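A.B. asks: Work the whole structure out from these sequences, hints included.
Sequence lines, in order, name chains X and Z.
Under this note's numbering, the first residue of the first sequence is numbered 1, with each subsequent residue one higher.
Under this note's numbering, the first residue of the second sequence is numbered 1, with each subsequent residue one higher.
Fair warning: there could be bad hints in the mix.
As the list claims (entries may be wrong) - Result set (SDA-like, lysine to any residue): computed pairs, CA atoms no more than 25 angstroms apart in a straight line: (1) X/K90 / X/T167; (2) X/K90 / Z/V165; (3) Z/K66 / X/G266.
Just so you know, these hints were derived from the structure itself, not from any lab.
Since the model is a prediction, treat every value here as computed from it, not as a measurement.
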Amino acid sequence: MKLLQLSPSDLRHQLAGNGVWLRTGPFSLRIRSRLPRVAEGLTELYGQFEVRSAHQAFADFHVELNPPSRLRRWFRPQVNFSFDGAQPFKPLPLDQAYPMLEWGLNWCVSMHAHHYLIIHAAVVEKNGLAAILPAPPGSGKSTLTAGLVLSGWRLLSDELTLIDRRTGLLHALPRPVSLKNQSIDVIRQFSPEAFINRVSHDTAKGSVAHMRPPRDSVLRQHEPARPGWVIFPKWEAGAETQLTPRSRAETFMFLAENAFNYSHLGADGFRVGTTLIDHAHCYDFRYSALSEAVAAFDRLAERRAA
Amino acid sequence: MLSCTLRSPDSVTRFSMGEWDLLVRQARSAGLLARVRHVLARHQLTETIPAVARWHFDAAATLAAKQQLAVRWEVDKIRTALKGLAFPFILLKGSAYVMANLPAASGRLFNDIDILVPRAQLGAVEAALMLAGWHPTLLSDYDQRYYRRWMHEIPPLQHAIRATVIDVHHAILPDTARYHPDSATLRSRAIAVEDMPGVQVLATEDRILHSATHVFHDGELPHGLRDLTDLDLLLRDAAANPDFWPRLTARANELQLGRSLFYALRYLRYFLDTPIPDSAIAALERDKPHRLTLALMDCIFTRVLAPDHASCADRFTPAARLAAFVRAHWLRMPVHLLIPHLLHKAFVSPYQRNEKPA
Numbered sequence: 001m002k003l004l005q006l007s008p009s010d011l012r013h014q015l016a017g018n019g020v021w022l023r024t025g026p027f028s029l030r031i032r033s034r035l036p037r038v039a040e041g042l043t044e045l046y047g048q049f050e051v052r053s054a055h056q057a058f059a060d061f062h063v064e065l066n067p068p069s070r071l072r073r074w075f076r077p078q079v080n081f082s083f084d085g086a087q088p089f090k091p092l093p094l095d096q097a098y099p100m101l102e103w104g105l106n107w108c109v110s111m112h113a114h115h116y117l118i119i120h121a122a123v124v125e126k127n128g129l130a131a132i133l134p135a136p137p138g139s140g141k142s143t144l145t146a147g148l149v150l151s152g153w154r155l156l157s158d159e160l161t162l163i164d165r166r167t168g169l170l171h172a173l174p175r176p177v178s179l180k181n182q183s184i185d186v187i188r189q190f191s192p193e194a195f196i197n198r199v200s201h202d203t204a205k206g207s208v209a210h211m212r213p214p215r216d217s218v219l220r221q222h223e224p225a226r227p228g229w230v231i232f233p234k235w236e237a238g239a240e241t242q243l244t245p246r247s248r249a250e251t252f253m254f255l256a257e258n259a260f261n262y263s264h265l266g267a268d269g270f271r272v273g274t275t276l277i278d279h280a281h282c283y284d285f286r287y288s289a290l291s292e293a294v295a296a297f298d299r300l301a302e303r304r305a306a
Numbered sequence: 001m002l003s004c005t006l007r008s009p010d011s012v013t014r015f016s017m018g019e020w021d022l023l024v025r026q027a028r029s030a031g032l033l034a035r036v037r038h039v040l041a042r043h044q045l046t047e048t049i050p051a052v053a054r055w056h057f058d059a060a061a062t063l064a065a066k067q068q069l070a071v072r073w074e075v076d077k078i079r080t081a082l083k084g085l086a087f088p089f090i091l092l093k094g095s096a097y098v099m100a101n102l103p104a105a106s107g108r109l110f111n112d113i114d115i116l117v118p119r120a121q122l123g124a125v126e127a128a129l130m131l132a133g134w135h136p137t138l139l140s141d142y143d144q145r146y147y148r149r150w151m152h153e154i155p156p157l158q159h160a161i162r163a164t165v166i167d168v169h170h171a172i173l174p175d176t177a178r179y180h181p182d183s184a185t186l187r188s189r190a191i192a193v194e195d196m197p198g199v200q201v202l203a204t205e206d207r208i209l210h211s212a213t214h215v216f217h218d219g220e221l222p223h224g225l226r227d228l229t230d231l232d233l234l235l236r237d238a239a240a241n242p243d244f245w246p247r248l249t250a251r252a253n254e255l256q257l258g259r260s261l262f263y264a265l266r267y268l269r270y271f272l273d274t275p276i277p278d279s280a281i282a283a284l285e286r287d288k289p290h291r292l293t294l295a296l297m298d299c300i301f302t303r304v305l306a307p308d309h310a311s312c313a314d315r316f317t318p319a320a321r322l323a324a325f326v327r328a329h330w331l332r333m334p335v336h337l338l339i340p341h342l343l344h345k346a347f348v349s350p351y352q353r354n355e356k357p358a
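C.D. replies: Below is the structure:
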């Protein structure tokens with residue numbers, strides 16, 4: 001059953017009670033929360049995802065978002081993220097409840113799923129080949145990811161590149177795309193059909209909102225992709241759209257440094273990482289206009305398909 | 001669920017999905033996921049783990065394997081740092097199990113490396129470790145004084161680059177504690193680690209007694225069950241030697257650690273069904289607490305040694321944790337030191353946090 005088939009009151013009721021069991025890519029979650037904002041965020045963004053009653057099901061991650069204490073209910077209300085009873089983060093203002101769920105889920109995956117090599121990068125796919133987009137915050141990675149998935153590329157993830165250690169394939173975790181500050185308006189203008197949820201202001205990352213993942217990406221979430229490219233995007237005001245090849249060795253080093261668990265995997269991390277780099281074309285990419293950037297990516301995909 | 005699995009691994013063949021869910025969660029919170037995987041593998045039960053749950057065990061095993069490699073590497077780094085000193089250092093707990101290739105190393109996760117050195121040499125050891133990159137972790141002046149004046153260890157040292165933590169001990173219990181096992185006797189029986197000149201581990205009985213003492217003198221027991229499974233593995237391994245049990249109980253008396261051993265054996269039977277001969281328990285008769293004390297201890301330890309997970313708690317668990325905390329402090333220091341210390345911790349320390357650099 002899909003989440004959108006649950007009535008809003010049923011969803012709220014289950015979240016406040018036993019919790020909702022939800023599948024996102026290779027992971028299952030059990031989410032509990034009494035907060036209306038969390039229910040609202042899930043309804044708006046996770047409609048296409050599979051849900052079950054949480055009773056008696058196995059879930060990878062048991063998470064809870066609730067106010068830390070009843071006392072703070074009226075005075076500067078807060079929200080706490082719990083991972084099976086443990087609180088890995090300090091509480092945040094209640095307004096940030098929904099982004100906190102997304103950040104918390106990223107933490108769950110990156111701290112535990114060591115059967116993957118996990119790199120901090122977005123991944124999108126076309127014609128079976130995936131483009132990995134690693135980049136420091138502020139480089140326009142999320143904006144580009146959102147633009148691409150609104151233009152026919154499939155979303156694998158906007159934050160976590162999951163590389164299967166046995167097969168070297170990339171697994172999809174097509175959760176909502178996080179948009180920050182100006183990129184929220186850029187994407188609204190780029191595609192009026194895109195659904196973006198309410199903005200949380202004054203977070204550690206500025207203003208944050210989440211874009212609903214395309215339906216097709218969610219329906220195909222169990223379909224892995226082969227690594228095709230590693231592309232470092234950089235948004236620069238007024239820049240020409242420009243793709244420049246970069247060295248594989250340097251790219252590998254960057255990926256290793258930006259992996260969440262490279263050092264945990266020992267020699268196997270090196271093997272998985274170098275195998276991936278051997279199959280990928282590596283580029284630096286500068287852009288200012290999102291539509292031109294998308295066109296450049298489409299040309300890359302056509303060239304590899306030919 | 002978790003101690004039931006460790007006691008009789010075969011029970012997993014009858015687990016429902018809900019029970020597997022609970023096992024993974026309890027094992028994770030107890031730091032025992034990798035060890036459970038190891039136990040299941042030893043009983044040829046790996047195939048019974050449902051496909052959806054398997055990665056949790058594999059990922060934990062990946063982490064444990066990596067940590068053991070890292071421990072070996074760190075021990076070698078410590079050895080290099082302390083090479084110039086004319087005495088060996090003794091590895092305690094987890095790192096000792098790894099370096100001595102004991103079954104108790106299997107699937108074990110680590111927080112830090114504990115070493116034991118002669119008290120007179122503490123200054124030289126600390127200086128040598130600091131030269132090699134380990135620095136005192138940020139602590140308030142009060143904590144620093146507390147460690148150095150009263151404790152059996154100096155404040156933890158953290159490596160500036162690798163962030164690894166070493167606890168340097170000069171004894172296995174604080175100076176202020178009720179019991180004073182003599183560190184010199186411990187050192188005199190220490191065993192050299194193969195191919196690692198200058199590195200030693202405690203003798204078999206001492207290692208077990210230290211582990212038992214640690215469980216029953218530590219106020220916070222986040223890894224209580226893990227420490228018990230360590231003990232279980234250490235005892236099963238050592239019991240292959242027919243004189244082991246009499247030697248263990250005799251040594252416990254010699255080191256004034258009979259009471260800790262008594263409790264350890266009692267709760268090992270309770271949680272893990274460790275095969276312990278009645279003669280060993282009988283040999284500790286003198287250390288057995290009063291009937292009422294024992295009843296109270298049972299109430300406390302059957303709760304605090306269970307995994308710190310909501311599914312293992314009843315309404316008395318918070319009280320039991322508090323009682324264990326108070327008891328541990330009670331054993332560690334006399335009242336005239338304990339009361340000012342707890343007051344300081346309760347009313348002064350919480351307000352000093354902000355002064356630390358961010």
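A.B. asks: Determine for every hint whether it applies to the structure shown.
C.D. replies: Structure-based check of all given hints:
{"no.": "1", "hint": "X/K90 / X/T167", "verdict": "violated (37 angstroms)"}
{"no.": "2", "hint": "X/K90 / Z/V165", "verdict": "holds (24 angstroms)"}
{"no.": "3", "hint": "Z/K66 / X/G266", "verdict": "holds (6 angstroms)"}
Comparing the model with each earlier hint shows a violation of hint 1 alone; every other hint is respected.
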